[in-house]
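Make a model of the complete structure from these sequences and hints.
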Amino acid sequence: MLMTLLVPLLAAPQGPQFGEPVRLRGGDDFVKVEAPGYACPAWHDVDNDGKKDLLVGQFKDGKIAIHKNLGGGKLAARQWLMAEGEIAEVPGVW
Amino acid sequence: MELNGDGHLDILSGSYSRHEAEMAGLFQVLHGSKDGWKKPVALNGSDGQPLILPMGSGEGDIIDRICTRPFAVDLDGDGKLDIVSGNFRGTFAWFRGEGGGKFAPVATWLEVDGDKLSVGMHGDPFFVDYDKDGDFDLFSGSAEGGVFWFQNVGSKTAPKWKKGVTLLEAAGHGAHGADAIQFGDAHCKVPSADTRVWVDDVDGDGKLDLLVGDQVRLMHAAKGVDEKDARSKYAAWSKQQQEFFKKPQPEDEAGQKAWQTEYEALDKAKEAFLIEEATGFVWLLRGK
Numbered sequence: 001m002l003m004t005l006l007v008p009l010l011a012a013p014q015g016p017q018f019g020e021p022v023r024l025r026g027g028d029d030f031v032k033v034e035a036p037g038y039a040c041p042a043w044h045d046v047d048n049d050g051k052k053d054l055l056v057g058q059f060k061d062g063k064i065a066i067h068k069n070l071g072g073g074k075l076a077a078r079q080w081l082m083a084e085g086e087i088a089e090v091p092g093v094w
Numbered sequence: 095m096e097l098n099g100d101g102h103l104d105i106l107s108g109s110y111s112r113h114e115a116e117m118a119g120l121f122q123v124l125h126g127s128k129d130g131w132k133k134p135v136a137l138n139g140s141d142g143q144p145l146i147l148p149m150g151s152g153e154g155d156i157i158d159r160i161c162t163r164p165f166a167v168d169l170d171g172d173g174k175l176d177i178v179s180g181n182f183r184g185t186f187a188w189f190r191g192e193g194g195g196k197f198a199p200v201a202t203w204l205e206v207d208g209d210k211l212s213v214g215m216h217g218d219p220f221f222v223d224y225d226k227d228g229d230f231d232l233f234s235g236s237a238e239g240g241v242f243w244f245q246n247v248g249s250k251t252a253p254k255w256k257k258g259v260t261l262l263e264a265a266g267h268g269a270h271g272a273d274a275i276q277f278g279d280a281h282c283k284v285p286s287a288d289t290r291v292w293v294d295d296v297d298g299d300g301k302l303d304l305l306v307g308d309q310v311r312l313m314h315a316a317k318g319v320d321e322k323d324a325r326s327k328y329a330a331w332s333k334q335q336q337e338f339f340k341k342p343q344p345e346d347e348a349g350q351k352a353w354q355t356e357y358e359a360l361d362k363a364k365e366a367f368l369i370e371e372a373t374g375f376v377w378l379l380r381g382k
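Order-wise, the sequence lines are chains D and S.
If you use the numbering used here, the first sequence closes out at 94, no skipped numbers anywhere.
If you use the numbering used here, the second sequence closes out at 382, no skipped numbers anywhere.
By construction, these hints were calculated from the structure, which means they are not laboratory data.
Just so it is clear, the structure is predicted and the values come from calculations on it, not from any experiment.
By construction, the Cβ of each residue, glycine as well, lies at the ideal position given by its N, Cα and C atoms.
Facing chain S, according to a computed beta carbon distance under 8 Å, are these residues of chain D, among others:
#, residue
1, 16
2, 22
3, 33
4, 43
5, 54
6, 57
7, 81
8, 83
9, 88
10, 91
11, 92
Below, computed lysine-lysine pairings styled on DSSO-like, alpha-carbon distance capped at 30 Å:
#, chain 1, residue 1, chain 2, residue 2
12, S, 254, S, 210
13, S, 133, D, 63
14, D, 60, S, 283
15, S, 133, D, 51
If you want it as structure tokens, here you go:
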């Protein structure tokens with residue numbers, strides 16, 4: 001009887017659980033976007049090396065930073081995502 | 095994500111608003127190709143017109159369709175990618191996919207118990223089957239910050255959302271005033287406001303982690319000014335600013351121009367002792 005009552009309590013869904021926030025670094029510095037900020041991250045393998053990379057959209061000029069995944073928990077310093085030979089700028093972001 | 099089925103990774107972005115016509119945050123796609131990404135183009139619906147979120151008829155309802163943040167996902171399990179987009183209001187519009195990168199031009203709103211599902215302001219959808227029950231659950235950031243989870247208790251073909259669970263408390267936009275100033279960024283221990291989320295196994299331990307982007311205003315003492323001095327000068331400057339705003343704003347054009355010039359000069363004067371830096375960081379919260 002006790003177990004019947006306890007099991008549902010112990011198994012009650014509490015939602016996803018996560019650890020303390022850690023600020024990511026890219027190269028030697030924190031991953032940081034240009035003023036006025038508004039970092040929008042994505043995690044995808046954009047260079048087809050089998051490791052997912054960090055992409056960060058930002059408000060200024062609608063540019064997108066790529067921090068390549070170097071492995072071992074390390075990310076490279078920022079490179080801008082390019083489109084047709086130029087730094088990609090998403091219109092209307094601002 | 096692969097949006098149009100050509101085998102190349104595409105990048106889907108929202109936007110604040112177009113400038114050339116009535117305000118609307120168009121979706122933009124950078125199509126992938128064998129030579130890299132193409133320049134962004136607006137994403138059209140199957141009617142050939144730009145996909146635009148629905149809008150209420152009330153004053154101020156423009157916020158229904160600006161500041162978009164789309165996510166492509168097959169939300170109803172029909173084998174076709176849909177788009178769900180957040181907006182300024184904090185609600186979520188669902189454009190059904192028609193296959194081959196085409197989308198129905200009219201969207202419906204995600205709901206919880208008959209009301210629009212909302213995160214306050216700045217809806218920021220990310221979908222993943224977190225609870226591994228075969229359907230997609232919704233994660234979102236918000237303008238006030240924080241991270242929220244809406245469990246899908248429906249099915250793979252008919253999503254149904256539970257009320258949101260707060261996974262990370264919203265930090266808000268912080269306190270103002272000289273006493274509230276914290277210099278540098280060492281005090282940044284948690285994501286600030288305007289959070290944007292992504293969910294994946296970032297550290298490769300087999301558990302889903304959270305990536306959170308934010309917006310934060312950092313303060314730095316100007317070169318040659320120590321922090322104590324910067325704080326007291328800022329307090330004095332704030333009083334000056336309050337006095338300035340007490341003055342009635344002129345209605346004539348010349349008066350408004352002079353008012354603007356005076357305001358800009360006052361704002362510039364602050365830079366002699368205090369440098370403000372608006373930026374955003376990316377945070378990792380490891381799954382437990």
